[in-house]
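J.: Those protein sequence lines, which keep their order, are chains E and X. Heads up, the first sequence is in the working numbering, so the first residue is 1 and it goes up one at a time. Heads up, the second sequence is in the working numbering, so the first residue is 1 and it goes up one at a time.
Because the hints were derived from the structure by calculation, they are not lab data. Mixed in with the good hints, there may be bad ones.
Stated by the list, open to error - Restraint ranges, calculated between C-beta atoms of paired labels, are given here:
id, chain 1, residue 1, chain 2, residue 2, range
1, X, Arg63, E, Thr20, 39 to 45 Å
2, E, Gln22, X, Ser59, 26 to 32 Å
3, X, His10, E, Glu5, 20 to 26 Å
4, E, Lys71, X, Thr7, 35 to 41 Å
5, E, Asn2, X, Gln95, 21 to 27 Å
6, X, Gly3, E, Gln22, 30 to 36 Å
7, X, His79, E, Asp67, 42 to 48 Å
8, E, Asp39, X, Thr109, 18 to 24 Å
9, X, Gln95, E, Thr26, 43 to 49 Å
10, X, Ser97, E, Gly60, 16 to 22 Å
11, E, Asp39, X, Thr7, 17 to 23 Å
12, X, Leu27, E, Gly96, 22 to 28 Å
To be verified - Where chain E lies over chain X, by a calculated footprint (3+ residues, C-beta under 8 Å):
id, region
13, 37-43
14, 92-99
15, 103-109
Idealized CB from N, CA, C, for every residue including glycine.
Listed here are the chains, written in short residue letters.
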Amino acid sequence: KNQVEQSPQSLIILEGKNCTLQCNYTVSPFSNLRWYKQDTGRGPVSLTIMTFSENTKSNGRYTATLDADTKQSSLHITASQLSDSASYICVLEGDGNKLVFGAGTILRVKS
Amino acid sequence: ETGVTQTPRHLVMGMTNKKSLKCEQHLGHNAMYWYKQSAKKPLELMFVYNFKEQTENNSVPSRFSPECPNSSHLFLHLHTLQPEDSALYLCASSQESPEQFFGPGTRLTVL
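My request is simple: use the sequences and hints to build the entire structure.
T.: Written as structure tokens, this is what we have:
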């Protein structure tokens, strides 16, 4: 069964610190992997999209990595800001353009 | 803003009520989607429309009835809902690329 597991479920960090969110998947084959940011009360917004052949993709302070051998992706946030507080969702596009969503990691950045 | 709007943003309804959710996209996309997002669970795809034609129905109960009068508008008609249907309902649209643009969602509470 195609699954996407994210960890941790929630995370609290101090402003200015770095953090890494994990995504393990069993979706195979897949054409791309995406990370979305979802602010409270808002819809998800795309941060990065990587094809299955890419290893890393950056968007400002956000860097996503992909290891197809271990079926893992990570999202690294550098120098966190209060506005980074949100839910981060890992999504894979599998066969037939079907999207498989993770449950998300809730990040809280405190001052 | 993502170019996808949803109304109402919040809705409280009884189990015997009939209500409708509305989604409008201003991006010129040809595909529109309804998702259900429950707490701590992955997004669940409900319906997909391509060029106004329904192309996917993910075994959604008949108490949810979608309508797509044109490629810019999408409705979700609700009737005789259950308390477990309380969730955030997200609309999204896309064009040729794999990226979907989400609206802010409607927070639905069924009493």
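J.: All the hints need checking, so say for each whether the structure fits it.
T.: These are the hints, each one checked on the structure:
| no. | hint | in the structure |
| --- | --- | --- |
| 1 | X:Arg63 with E:Thr20: 39 to 45 Å | 41 Å, holds |
| 2 | E:Gln22 with X:Ser59: 26 to 32 Å | 30 Å, holds |
| 3 | X:His10 with E:Glu5: 20 to 26 Å | 31 Å, violated |
| 4 | E:Lys71 with X:Thr7: 35 to 41 Å | 40 Å, holds |
| 5 | E:Asn2 with X:Gln95: 21 to 27 Å | 25 Å, holds |
| 6 | X:Gly3 with E:Gln22: 30 to 36 Å | 31 Å, holds |
| 7 | X:His79 with E:Asp67: 42 to 48 Å | 47 Å, holds |
| 8 | E:Asp39 with X:Thr109: 18 to 24 Å | 20 Å, holds |
| 9 | X:Gln95 with E:Thr26: 43 to 49 Å | 29 Å, violated |
| 10 | X:Ser97 with E:Gly60: 16 to 22 Å | 20 Å, holds |
| 11 | E:Asp39 with X:Thr7: 17 to 23 Å | 19 Å, holds |
| 12 | X:Leu27 with E:Gly96: 22 to 28 Å | 23 Å, holds |
| 13 | 37-43 | holds (count 4) |
| 14 | 92-99 | holds (count 3) |
| 15 | 103-109 | holds (count 4) |
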